[in-house]
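Residue numbers (the working numbering), protein chains in the order written: chain A, 2 to 101; chain B, 21 to 187; chain C, 16 to 643.
None of these hints come from the bench; they were simulated from the model. Bear in mind the structure is a predicted one, so any value in this text is a computation, not a measurement. Among the hints, a few may not be true.
Unchecked claim - Pairwise CB distance ranges, derived in the manner of DEER restraints:
| # | chain 1 | residue 1 | chain 2 | residue 2 | range |
| --- | --- | --- | --- | --- | --- |
| 1 | C | PHE628 | B | CYS173 | 29 to 39 Å |
| 2 | C | TYR625 | B | LEU172 | 23 to 33 Å |
| 3 | C | GLY602 | A | GLU98 | 32 to 42 Å |
| 4 | C | PHE628 | B | GLN128 | 24 to 34 Å |
| 5 | B | SER34 | C | ALA604 | 47 to 57 Å |
| 6 | C | ARG605 | B | SER34 | 48 to 58 Å |
Don't be surprised by glycine CBs; every beta carbon is placed ideally from N, CA and C.
Residues per chain, in single letters:
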Amino acid sequence: MIPLGHYLILSGLMFVVGVVGVIVRRNSIVVLMCIELMLNAADLALVALSQAAGNLHGQVAAFFVIIVAAAGAAVGLAIIIAFFRTVRSVETSDAGELKG
Amino acid sequence: MTALFWLLAFIVLSSGVAVVSLRSPLNSALALALNLLAVAGLFAMLQAHFLALAQVIVYAGAIVVLVLIALLLLSSKIEQHKRREDYLAVAAIVLGSLFLVVLFPLLQGALPQISANNVQVTAGTVAEIGRLLFTDYVFLFQLAGLLILTALCGAVMLARSRPGQGG
Amino acid sequence: MSVSYSILWPVVFFPLLGALFAYLVGLKHKQLAGWIATGASGAALFYVAGLTLLLPHGRAFEQRLFEWLAVGDLQAALTLRFDALGAVMSLVVAGVGTLIHLYAIGYMAGDPAAGRFFAYLNLFLAAMLLLVSAANLPVLFIGWEGVALCSYLLIGFWFKKEEFAGAANKAFIVNRIGDACFLLGIFLLYLNFGTLDFSELRLLIERHPELSALYGWVGICLFIGASGKSAQIPLFVWLPDAMAAPTPVSALIHAATMVTAGVYMMVRLNYLYALAPLAMLVVLVVAVLTAFLAATIALAQDDIKKVLAYSTISQLGFMFMAAAAGAYWVAVFHIITHAFFKACLFLSAGSVMHCGGHEQNMRKMGGLWRKMPLTAMSFAVAGLSLAGMAPLAGYYSKHACFLALQSGAFETWGRLAELALLLAWLTAFVTALYIARAFSLIFLGPAQGNLTAHEPPWKMNGAVLTLAVLSVFSGYFLALPHALQHYLRPLFSGPYFNFDPGGVLEALFVHSWPGLLGVLVGLSLYLKAPWLIERIKERFPFTARLFRGKYYVDEIYALLIVRPLERLSVGLWRFVDQGLIDGTVNGGARLVDALALVVSRVQSGQVRHYALFVFSAAVLLAAFYMVF
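With these hints in hand, go ahead and build the complete structure from the sequences.
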């Protein structure tokens with residue numbers, strides 16, 4: 002069997018990759034994708050722990066995470082579209098209205 | 021088994037890095053799809069059959085498609101590399117490593133509540149997950165449905181065209 | 016000794032009420048304000064007269080109004096006490112005050128701020144009456160400061176003129192310097208005796224005659240305070256400048272009443288001074304010098320009010336001389352007579368100014384006796400009284416001063432007292448000289464220019480004439496052995512000065528020779544031989560300039576004191592106020608500004624930066640969670 006630790010370390014690495022992506026990328030849709038990456042990492046951790054604990058509660062939780070992630074992605078894209086209407090760009094650096 | 025795990029892990033990590041680092045957003049989206057599929061494989065290895073299915077259908081299927089459509093509609097410009105933003109990347113990577121270092125003991129899996137790894141477990145079949153969903157988590161299940169409804173309405177409202185505006 | 020009645024408060028309260036109403040009514044009906052003020056003053060006068068009649072000899076009325084100071088061990092209530100001395104002083108203050116109020120109605124008619132004037136005048140009366148009715152030193156000090164305040168307000172009454180406002184400042188500030196020493200004396204007394212009530216102090220001090228050194232210091236401190244208020248050397252410089260006030264003010268405050276407060280204080284504390292020969296010596300020396308020097312200055316001034324101002328300073332010196340010689344009641348006697356004739360002189364001068372073209376320079380006047388005979392006569396009578404011509408009032412009080420110096424002081428200080436007496440006689444001569452000069456320049460001789468002069472209205476002249484009459488007759492009657500001398504006796508212990516006025520003829524031809532001589536010489540010089548004056552001035556140019564320039568005291572003070580202080584102030588302002596304080600405050604603000612500028616870069620508006628911050632916080636939290 003694969004030790005639990007392996008799964009968790011993988012999940013952590015994925016999470017950090019996602020965070021770096023959110024911070025570094027300028028295209029807001031790519032940022033959204035990185036967010037999905039982070040959520041996925043959480044899912045992986047949950048399922049791995051569920052197997053280690055011997056019950057299915059972790060998997061149910063991961064299921065709900067997927068639901069929420071989907072809703073979030075939908076709404077997020079809608080916001081990006083609305084933003085695009087006025088600014089004509091999806092770059093986050095063009096959303097600096099709150100500067101100072 | 022372990023070989024499969026390492027293969028899938030490699031795919032997950034490299035596609036993840038690809039999502040973050042590829043310049044073209046379309047390529048990033050495709051990398052994301054690969055990533056999600058690999059994770060689905062990992063779920064399957066963990067006896068989470070239903071979840072692996074849901075992952076493929078919802079995540080890799082619906083969400084990635086949505087993202088691709090949005091990319092095609094809005095902009096798929098190749099992001100220019102700006103030298104003076106390198107510090108951000110450095111800071112983020114440093115912080116990320118710090119994060120991992122700090123959480124390392126936790127990530128080793130040495131959790132007192134969890135007994136030995138070789139526990140015989142009921143597989144996460146559709147029937148089993150369904151049973152849990154409709155008994156212990158029925159309330160949350162209904163709420164989740166409400167959430168999706170709200171998200172649907174919200175997305176439509178936010179994205180519809182206003183009079184006088186294009187799009 | 017004191018009987019407690021609740022009857023003393025109207026003495027101070029009537030003029031206070033008058034002040035309030037005079038101001039309020041004066042806002043609408045300017046003419047009425049003067050009558051209200053005069054009425055209040057008259058009411059106070061009647062009340063005081065009544066109290067005096069009711070006062071049993073040797074006793075006092077006392078009223079404790081309320082508990083005022085209760086700081087640690089110091090307990091001082093606002094207590095009024097009406098004894099023989101208080102009665103005499105209150106009568107003079109209220110009496111002369113009412114007459115001058117009446118005069119002022121005519122003098123200030125037409126002034127747009129008359130209401131304010133009469134309010135201040137009444138306020139002054141209230142403060143002065145409080146001063147002379149005080150039963151302890153703190154209450155006296157309230158009155159002391161109150162009259163200083165009113166003096167300031169009234170000197171600077173026409174404050175739009177900058178030099179008048181400056182004169183008011185000068186008066187107040189110089190007074191303040193004296194007050195600081197006065198307070199020191201009070202503190203010393205309190206430290207050693209624990210009480211500041213006059214009767215209690217009297218008992219305690221007379222029981223401890225051995226503390227002569229302490230009494231000496233206290234006496235000197237208090238005298239410095241008195242010399243600020245009563246214009247002796249070196250704090251007299253404010254009085255000539257105070258002539259910027261309207262003439263009724265000069266008459267009331269700077270001649271008859273406020274300036275006598277210092278003398279009054281010394282008389283009140285006679286038991287202290289009686290045991291401090293050193294202090295008495297200091298007082299004597301200062302008083303004699305002041306009297307003489309002021310008289311010489313008065314001789315060389317052209318402004319009539321300045322002449323009268325220096326004359327007041329000189330006469331105050333006489334009062335202090337009598338007190339220093341131990342004859343306190345004689346000092347009071349001279350206060351009374353001086354109040355009458357000096358006020359009369361001032362008011363006559365005011366009439367000349369008011370009805371004769373608003374001119375103050377005597378060289379521009381002349382021959383006014385034809386146009387203002389009554390005023391001329393009043394001036395003459397009061398002037399002769401000032402010069403000490405028997406049988407006028409001034410003679411008796413001045414002669415008493417001389418005799419006091421002879422008897423009391425000779426025993427104590429021998430040669431020094433002889434010198435003082437000589438100077439006093441010389442001063443009397445110069446006094447007669449300058450008042451004769453003033454009279455000749457104003458009223459006699461050829462008329463200069465085309466001054467349209469006329470006799471003042473009855474409101475004004477009534478007061479002048481009344482005062483003139485008083486200047487004539489009051490002296491003889493008060494000098495009688497059973498009058499003032501006897502009346503004030505219970506207040507003093509120890510040797511008491513006996514004064515026998517003697518016969519009138521003897522007085523006129525034997526004792527009043529300094530005044531007689533001075534008047535004759537003065538009149539003849541200025542009338543018949545003015546060219547002789549010029550020759551004398553040419554012979555002694557330095558002396559002439561010294562007299563005329565008031566011994567350059569103001570200039571010396573400006574050089575030694577005022578200018579360095581000003582430079583210090585400017586320096587402090589630039590360095591401490593602007594540099595340090597403003598610098599710190601502004602610097603603080605600028606520091607915050609700079610910091611804000613730097614810190615505000617955090618708000619870049621970029622979501623990515625914010626995400627980085629959030630993640631850093633998460634890392635920190637995780638670290639904390641793992642460590643603890």
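Requested in this report: Provide an ascending list of the numbers of those earlier hints which the structure does not satisfy.
Outcome: none
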